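I would like the entire structure built from these sequences, with the hints used as guidance.
Chains as they are written, first to last, in my numbering: chain A, 40 to 282; chain B, 12 to 203; chain C, 12 to 203; chain D, 743 to 955; chain E, 743 to 955.
No lab work stands behind these hints: they were computed from the structure.
Since this is a predicted model, take the numbers as computed values, not measurements.
Mixed in with the good hints, there may be bad ones.
[To be verified] Label pairs and their in silico Cβ distance ranges:
| # | chain 1 | residue 1 | chain 2 | residue 2 | range |
| --- | --- | --- | --- | --- | --- |
| 1 | A | 193 | C | 105 | 33 to 39 Å |
| 2 | D | 906 | C | 125 | 41 to 47 Å |
| 3 | E | 944 | A | 280 | 56 to 62 Å |
| 4 | B | 172 | E | 827 | 49 to 55 Å |
For each residue, glycine too, the CB sits at the ideal point set by N, CA and C.
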Amino acid sequence: MIKKFIHQFASPKTYLYQVDRFYSYIFLFSIITYIISITWGLLYTPEDFVQGNSYRIIYLHVPASFLSQSLYIAMAISSVTYLIWRVKLAAYLVIAIAPIGAMTTFIALISGSIWGIPTWGTWWQWDARITSTLILFIMYLGLISLHNSFSNHEKADKLLSWLVIVGAINIPIIKKSVDWWSTLHQSASITLTDKPSIDPVMLYPLIGSITGFFGLVICLVLLSSKYQIFIREKNKSWVKDYV
Amino acid sequence: MNNNSLIVAENIGYKINENKLFHRMSFNINRGEALHIKGSNGSGKSTLIRIILGITQPVKGVIENKSTKEICYLGHKNALKSYLTLEDNINLMQLNNNMMLNDYLEKLELKKYKDVTVSNLSFGQQKKLALLRVFLNNSDLIILDEPFVGLDDNAHLELTTFLNNELEKNKSVIFTSHIPCNINSKIIEIPQ
Amino acid sequence: MNNNSLIVAENIGYKINENKLFHRMSFNINRGEALHIKGSNGSGKSTLIRIILGITQPVKGVIENKSTKEICYLGHKNALKSYLTLEDNINLMQLNNNMMLNDYLEKLELKKYKDVTVSNLSFGQQKKLALLRVFLNNSDLIILDEPFVGLDDNAHLELTTFLNNELEKNKSVIFTSHIPCNINSKIIEIPQ
Amino acid sequence: MFRLELLKLRKKTRSWLGPILVFWLIMLAYPLTVEFLQDKLEIGFFSVLWIAILISMMLATEDIFTEDFNDGSLEQTLIKNLSFSISIVTKIFTYWLLIGLPISILSFIFSLGTTEDFLLSISIFPLAIISSYIFLNLFVLGNALSLNKGSVLGALVTMPLALPVLIVLGKGLIAIQLNINFLSFIFLLLGSLSIIIVVIPVVVSYVIKAHLE
Amino acid sequence: MFRLELLKLRKKTRSWLGPILVFWLIMLAYPLTVEFLQDKLEIGFFSVLWIAILISMMLATEDIFTEDFNDGSLEQTLIKNLSFSISIVTKIFTYWLLIGLPISILSFIFSLGTTEDFLLSISIFPLAIISSYIFLNLFVLGNALSLNKGSVLGALVTMPLALPVLIVLGKGLIAIQLNINFLSFIFLLLGSLSIIIVVIPVVVSYVIKAHLE
Ligand code: HEM
Ligand SMILES: Nc1ncnc2c1ncn2[C@@H]1O[C@H](COP(=O)(O)OP(=O)(O)OP(=O)(O)O)[C@@H](O)[C@H]1O
Ligand SMILES: Nc1ncnc2c1ncn2[C@@H]1O[C@H](COP(=O)(O)OP(=O)(O)OP(=O)(O)O)[C@@H](O)[C@H]1O
Ligand SMILES: [Mg+2]
Ligand SMILES: [Mg+2]
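Below you can see the structure in the form of structure tokens.
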């Protein structure tokens, strides 16, 4: 039953038409949210007591770091879906997300490095969170490269999915690294359980920027998955009709 | 499916990236039999051979190899080291039957090139050198992917006589060839 | 030695490391003529071709090329980039005649493999891809070293018809082949 | 089988002499690029040494499989009735013998020449031996992963794996200089080596089989 | 023709991204192998930088001709009605653009990150650009000389040629730090470069033709 449902709903064709329906709304909503929170955050919040103005890079750094992990989790979920139910769309999603994930991780690394110069006095430190984020970045690149290096797409999909699942151990490591090892890096300032340790004046624009960034990245993922479907199903008649 | 059969393939199918090469292919090869796999370029002959060798897995169906010895195989690629001399390459092949070796070197007119680096040998000479592995095999199944390519008439004849002899010795041969040849064999044709 | 001649070779000889391949070879090729170079493996056919191309210098004798255009050449090696797709390889060849290109891709059954990496193409498909350079040449001398190797009957026919057409258009062809083919040509045989 | 691998590699002079020469070049070039006094030379020396070992091992493995893959020998090995992993182990060992070992000896000599400290240099020797073997294994994995020319997988995967070894080497050196728990570093490296020796050939044989399919 | 070379190289990810990644690895790994304070880090840093540039250029050229030689493209280029030397110049330039230039930029960034001295780092940039081009040319020559796998001629010839460049780089650095005649070093390198750019392609084209005969 479930299997049938998934297969019906998750046909690349249905997916493509749904994407086209919702894409512009998501895009508009997130770009507006992001712009508003960024302007608010940059222009209308006070200077940080300790860090001065440099903390404002937070509106780029935190959403990017957060998303780099979320996207990996999304990949892992898709992988499981693919391996259990053999949903082709899930396999397309895995490989569609990978480059976007690599991009956000890269942004996280770069923005963190830039932020590190004024606050820590160095742009790089082999500390647990930074290192594990670097590993995440390398993993993204490795997975993309792995997929490209096999000419048999089905084989590549299967291998990729397994490796994504195995590599998922890195995610809790990144999350918990600040707690497990004493590091230079900030520990979590927003958690679901505790009261946030950050001033609400900064908090709201931060949440807004995370939401907006999130939406924008989703848009990218949608575009990239569309591209994957085109490539992989280009010989199907419906794709030719669509184009 | 008798006791005499060496390779039994049932309903095997293969596809790669939505490109269906063949499906529902069944055949069997007995000892002493030759099989000529025919088909146009890109129809999947080499792929079928790699499936028989066990290098590639079929997408559907099963294939069974009842031989206990190593298969003797020569594909499109010669498996020669181009930077080594003819002699060193022979050493690498670990051929044991030394008397026969000299015989074949003579027959294939390779003797005087012992010290020539393989990359300097002519196209056909390289193929002949690679075929030494076949001529001196000690296995009961020989698989050749277009072995006649580049051979002159003399070497072509040498190879067909050899293969026909092997068949009489109850060995089996699987081969592909776009060049007509004089081997008494079953034929399967892979449709386009 | 008339005005119509394209290649004139006089008394050329070649040897490498005391291995005399040929000597006192003389021949000439006129426009609209084909030359089939025959000889057993290792007799020096490819070497002779490389001498005609000007890549190798003969030890003795002179050879003259009266054509002003680039020679169109395909040797034992395909000059393809195995890590690129079929389409990228075509781009690298810089073939201009686009209409004809599509025509030939269709005829050679390569069209649907545009995005396949060359290393994944079959042996014959790779040869056919390499032959595109020949089919779409704009030179007046075509030199082919065993071009029929690995081709299926259809592609073989395609190539012979093409070459015969070119000959009628007053172009010249020099080729070697161990596979019999239907081209009306002069023959020179390199003795062993 | 070992004999055959040895024959093959020995005749391919560029593949074994090349990396050794490059190692030698780097170690020779190092003092040229700095203009400091003798005692300061030592500071960077060992960094350069470890990196030079890393590099030469990388060069050594640069076509350890691609060649066999391209000329069809890999298929031949695959259909042999013998374990593919074992043949990989043999291959790695041959390479180490012809390249890793000479480089370890050279490391000892260069170290002696630079530091003029015999005890230190003799401790460098086992470090070099073990680390060259580890690096060789890692790069073999990398090479197997990127058999296909379009892929940089090898470089991407080897990097994060090589970093910890470099860290251990760096710390091991401090241990030698301060004369504390040097042996524990050797054991740490030996431990990693013993795992790597077993795991890598198996992984590599899977990877290559997947590539050949 | 340049466009074609670019297409070819771009698709062969391993050949251009590989050397860049290796460069990056070496520069990242360097601080791991030493356990010193920030200011001492600088001492060895530039040695490692020059050596890393040298190494990555070596890797970049590792199959610049062998591939074309083996697949028969070299013969095709040879019978074209255009100068073989020019096609070599184009090839080298393409490689430099895709590998040498990014590495020079990375050199600048790493240098900035380590020394936090903008003026110094910005002077490193032209040095890196010129020296990567010189190294590339040298290794191209080396590669051409050892087209044949059995030969180590390449490594043997390139080495003595690369050493003077490394010496100049070392001295150039001192010049920057002491703020004296830095420009004269740049000119020295530029002078060598201009000779090399002209001479190497011609020599290489002869060497390759000799190999193909
Ligand atoms: C290259 C260097 C850096 C990397 C790789 C990095 C990585 C990360 C990661 C992975 C997160 C986790 C996001 C999440 O919990 O979902 C994060 C969050 C954060 N980072 Fe960084 N970071 C770097 C440098 C910095 C610097 C220099 C600062 C400021 C001094 C900084 C401040 C923060 C803050 C405030 C958060 C939010 C913490 C939270 O609410 O969980 N980071 N960073
Ligand atoms: N990644 C891929 N995508 C699509 N098709 C592929 C891919 N890889 C291989 N193929 C196709 O699979 C087929 C493999 O054919 P194979 O080499 O078995 O042919 P063959 O019958 O031996 O031909 P030949 O006579 O030319 O040797 C070819 O048509 C090839 O194009
Ligand atoms: N260094 C060398 N020493 C001795 N003989 C050599 C050397 N290099 C090449 N040869 C010989 O020169 C000949 C070159 O022949 P060539 O490649 O021209 O033959 P061919 O007629 O094209 O043969 P095929 O039909 O096999 O393609 C071969 O016999 C080869 O062995
Ligand atoms: Mg085939
Ligand atoms: Mg020939």
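Item to check | Distance restraint hint 41 to 47 Å, applied to the beta-carbon atoms of residue 906 of chain D and residue 125 of chain C | outcome: Holds, at about 44 Å.
Next on the checklist: Quick check on a hinted range of 49 to 55 Å for residue 172 of chain B and residue 827 of chain E, using CB atoms only.
Outcome noted: holds (52 Å)
Item to check | Whether the CB-CB distance between residue 944 of chain E and residue 280 of chain A falls inside 56 to 62 Å | outcome: holds (58 Å)
Checklist entry - For the pair residue 193 of chain A and residue 105 of chain C, does the Cβ-Cβ distance stay inside 33 to 39 Å? => result holds (35 Å)
Figure legend: structure checked against the earlier numbered hints; every hint is met.
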